[in-house]
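Asks: Sequences and hints are given; from them, build the entire structure.
Residue numbers (the UniProt record's numbering): 1 to 188.
Keep in mind that a hint or two might mislead.
Claimed, not checked - Here are the simulated distance ranges between beta carbons:
| no. | residue 1 | residue 2 | range |
| --- | --- | --- | --- |
| 1 | Gly36 | Thr165 | 44 to 52 Å |
| 2 | Ala31 | Glu172 | 19 to 27 Å |
| 3 | Glu18 | His69 | 27 to 35 Å |
FYI, nobody ran anything at the bench for these hints, they're computed from the structure.
Heads up, the beta-carbon is just placed ideally off N, CA and C, and yes, glycines get one too.
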Amino acid sequence: MGGHRQGIVTAAREIAVEQGMAALSVRAVAARAGVGASTLRYYFPTQRDLYDVVTDAVFDSRLGDLRIHDTRIPAVDRLVECLRQFVTPADGLEQWAATVAAVAGPDSTPDRRALWASAVRRAHERVTAWLEVLAAEGALRDGDPVRHARLLVLGIDGGSLWLLTSEASDLEQEIDEILRDLAATVLR
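Replies: Structure (structure tokens):
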């Protein structure tokens, strides 16, 4: 039976990667996994349970710890490197904006909001984990890594909105500047 669960997670992850997280639905995932909706509900009693597992799988496959543990590299460089994983190329930013519109727009549904909440939760957990590494080294400003992570996630979202309309000739440099400014708010 564990094979069914993994098959469902794989199918849901594929849909999320191919079509975006907003495309996840019980019917679509069950069809892709080749199982009935009742089988899917056996393993994931609520939509939120499915969203949480899929979000974790997608984030974990896309967001690595990179060199966060490598103390030979300045803390700011390691944190910026990790945060950069959230800032995708222009087409990814547009997909991100479409997802935000689907969550907050007039066609929003409770399922879409639950999916977004799962994504935000996992993003926050990943950033918190990176900050805890830096806190253990004494590189983090005084304060709670959880609160610092919230600030960074908010800053990344705001920076992403900025980048959607940016007319900068060197977008990569602008991304680096935004992320370094954000990192400076939480690092010593």
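Asks: For the range 44 to 52 Å, tell me whether the beta carbons of Gly36 and Thr165 fit it or not.
Replies: holds (45 Å)
Asks: How does the Cβ-Cβ distance of Glu18 and His69 compare with 27 to 35 Å: does it lie in that range?
Replies: Taking Cβ atoms as reference, Glu18 and His69 lie about 32 Å apart, which means the hint holds.
Asks: Assuming the hint says 19 to 27 Å, is it satisfied by the Cβ distance from Ala31 to Glu172 or not?
Replies: violated (40 Å)
Hint compliance for this structure: hint 2 alone is broken.
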